[in-house]
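> With chain E's structure known, arrange chain U on it following the hints.
Which chain is which? The protein sequence lines are E and U, in order. Residue 1 is where the first sequence starts when you use this note's numbering, and the numbers rise one by one after that. Residue 117 is where the second sequence starts when you use this note's numbering, and the numbers rise one by one after that.
Don't read these hints as lab results, they were simulated from the structure. One thing to keep in mind: the hints can contain errors.
What the hints assert, rightly or not - Below 20 angstroms or equal to it, Euclidean Cα-Cα: the simulated DMTMM-like pairs (lysine to aspartate or glutamate) are:
1. U/K158 with U/D215
2. U/K131 with U/D200
3. U/K210 with E/E44
4. E/K104 with U/D195
To be verified - Rough simulated footprint, nothing fancy, chain E against chain U, three-plus residues with beta-carbon under 8 angstroms:
5. 130 to 138
6. 155 to 166
Claimed, not checked - Residues of chain U placed beyond 10 angstroms of chain E at every Cβ, according to the derived structure:
7. Q122
8. L127
9. E175
10. S181
11. K187
12. H192
13. D195
14. P198
15. S201
16. A207
Glycine included, C-beta positions come from ideal geometry on N, C-alpha and C.
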Amino acid sequence: DTGVSQDPRHKITKRGQNVTFRCDPISEHNRLYWYRQTLGQGPEFLTYFQNEAQLEKSRLLSDRFSAERPKGSFSTLEIQRTEQGDSAMYLCASSLAVGRGGEKLFFGSGTQLSVL
Amino acid sequence: QQQVKQSPQSLIVQKGGISIINCAYENTAFDYFPWYQQFPGKGPALLIAIRPDVSEKKEGRFTISFNKSAKQFSLHIMDSQPGDSATYFCAASKGTSYDKVIFGPGTSLSVIP
Chain E
1 DTGVSQDPRH
11 KITKRGQNVT
21 FRCDPISEHN
31 RLYWYRQTLG
41 QGPEFLTYFQ
51 NEAQLEKSRL
61 LSDRFSAERP
71 KGSFSTLEIQ
81 RTEQGDSAMY
91 LCASSLAVGR
101 GGEKLFFGSG
111 TQLSVL
Chain U
117 QQQVKQSPQS
127 LIVQKGGISI
137 INCAYENTAF
147 DYFPWYQQFP
157 GKGPALLIAI
167 RPDVSEKKEG
177 RFTISFNKSA
187 KQFSLHIMDS
197 QPGDSATYFC
207 AASKGTSYDK
217 VIFGPGTSLS
227 VIP
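Chain E on its own, in the form it takes in the complex:
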């Protein structure tokens, strides 16, 4: 079990630049989530996929954020024209959703984004 892998672990960028993060979920998991976490807060839902379909995107998520999961495998999260308020830990989680919901989420260690 290799777990959920996120790359890079840290990213420093200047305001206005675009950044892209990658998440490799546990191989047999069909659901993939992106969360954002700031210091002292709980993970905040951004979006999630069931296989390659993006099922929901948070209303709080600006149009500068886009996520993809081609072929239902790895996922990328892109932030365009970064702002200082985008500085946060971006967490990816995967799960195997079968039958009744309420599945166990497996989180990666996150990508820490700092926008200067």
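Chain U in isolation, oriented as in the chain E frame:
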């Protein structure tokens, strides 16, 4: 809006004591209530979870108590150890339909020797 409220924000407990963290929710459609534990530099990890058809669930030193009428649930850590020092998040989701997990703001627990 904060769909899951959590208290206290931080907690200091002596080794061997009982740590208690409380959560409350508003949405009666929630029917799956997990607790996650997070260590610095790591993502959260599932600790224990409960569905509202039971009032209590125990796994080792960790117990969830659930009060459906009050829309509250709590985590009790018995015989707290320094290794339990971490941030704990309660969460909720509509488990019967594939829905996102909503997290509370977290409780930072420090267990002192």
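> Hints the structure violates: just list their numbers, smallest first.
The structure breaks hints 1, 4, 5, 7, 16; every other hint is satisfied.
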